[in-house]
Amino acid sequence: MNRWIAIVYHLCRLGLGGLFVYAGLIKAEDTVGFARSVANYKILPYGWNYLVAASLPYVEFLAGLLLVLNRKVRPAVLVLGVLNLVFIMALVSVLVRGLDIDCGCFDTSGEGHTTAQWALFRDIGIMFLVVATYRLRSWLVSEKQG
Amino acid sequence: MSSELRRIVLETIIIFVLGAVLGLSFNYRMVMNAFTGKTVAPAVKVEVQEGDILFPLPVDLGEVQELLKQGAVIVDARSEELYAEAHIPKAVNLNMAYYEETLPAFLKSVSRDAVVITYCSGYGCDDSFEIGMRLIDEGYMNVHVFEGGLPQWRDAGLPVEGAGGQP
Chain A
1 MNRWIAIVYH LCRLGLGGLF VYAGLIKAED TVGFARSVAN YKILPYGWNY
51 LVAASLPYVE FLAGLLLVLN RKVRPAVLVL GVLNLVFIMA LVSVLVRGLD
101 IDCGCFDTSG EGHTTAQWAL FRDIGIMFLV VATYRLRSWL VSEKQG
Chain B
1001 MSSELRRIVL ETIIIFVLGA VLGLSFNYRM VMNAFTGKTV APAVKVEVQE
1051 GDILFPLPVD LGEVQELLKQ GAVIVDARSE ELYAEAHIPK AVNLNMAYYE
1101 ETLPAFLKSV SRDAVVITYC SGYGCDDSFE IGMRLIDEGY MNVHVFEGGL
1151 PQWRDAGLPV EGAGGQP
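Residue numbers (my numbering), protein chains in the order written: chain A, 1 to 146; chain B, 1001 to 1167.
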C-alpha cells in the first residue's frame, strides 16, 4: 500500500515540478512578452505588470525545481498553490468582465473567452495536483516518523 | 499553529522572496524603466538601407505627448466602435477592417514626412504595429507605435474624446 502511495506521490510531484520548471523557463525567456500578457488582464497598474513579469517566472522555476529534486516539497507546493490560486482569481476576473484577453480588436467573439475558460479548467486541475502532492507528502513523512 | 506548520509557512515565504529577488536582479533595468515611465520594449534602430524592412519605432507616453505637441498625427488602429467610445484627442481612426476605404482620405490629408503615431489597446495588441507597417509601406518615413495604447493614456489621467468618455 505504501509503495503505491509513494509512486503516486512521486508522479504528482514530478509532474507538477516539471510543469512549473518549464513554465518558469518559458516566461523568463521573454519577460517583456510576458509583461504584455499580464498587462492584458488589466488588473495591475503599468509598472507592476513588469514587476510581476520579472519575478513570477523565477518563483515558479524555483518551486518547480525543488519539487523535481524532492526537497522542501511542502513549502514549494504551497508556493505553487498560492500562485495558482492567484491565476485562478485573475482568470475568473477576466471571464466575469467579459474581457477578450487576446487584444480583442478584430477577434470573432468568443475566442478570448474559450482561452480563459480552458486555462481555468487547467488551473483547477493543477490545484488538485497541488493538494494531492501536499497531502501525500504529509502522509509519507508521518509514516516515516510513526 | 504547530511548529512544523510554522516552519513550512516560513520556508514558503522564503521561496517566494528568493525567487522574486532572483527575478528582479536579472530584470532590474526593465523594471526600473517601467516604473520611471521609459519605453520598455527594445527600440528598433531604423537604419535605412536598400531592401531593408523598416519598423515603426516604439515610443512611450512622454514621447507621445512631446510629439503631439510638435504636431504629430495620431492614428487609432482599433475598431470603429472602440474608437467612437473613446480615443486620444485628435486621433484619426485607421483600422484593418476598413483599411482600403479609409486609407485614401488619410493619404490625401497626411503628408509622407509627417510624424505619425499609431496606437491600439495597449500591450498584447499588435494592430498598431500592423497599421504602422502598412503606413511605412505607403511611404511614411516617420512612423511610431505607442505601445501603451489607450489604456496607458487613460491610466495617466489624460483626457479622451468620444461618446463614452468626457467630451
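Since the hints were derived computationally from the structure, they do not count as laboratory data.
Glycine included, every Cβ here is placed at the ideal spot set by N, Cα and C.
Wrong hints could be hidden among the right ones.
[Claimed, not checked] Label-pair ranges, simulated between beta-carbon atoms:
#: 1; chain 1: B; residue 1: Leu1107; chain 2: A; residue 2: Leu65; range: 17 to 27 Å
#: 2; chain 1: B; residue 1: Leu1005; chain 2: A; residue 2: Met89; range: 32 to 42 Å
#: 3; chain 1: A; residue 1: Arg97; chain 2: B; residue 2: Met1141; range: 19 to 29 Å
#: 4; chain 1: A; residue 1: Gly33; chain 2: B; residue 2: Leu1103; range: 22 to 32 Å
#: 5; chain 1: B; residue 1: Thr1102; chain 2: A; residue 2: Leu65; range: 45 to 55 Å
Hint by hint, which ones does this structure get wrong, listed from lowest number up? Structure breaks hints 1, 2, 3.
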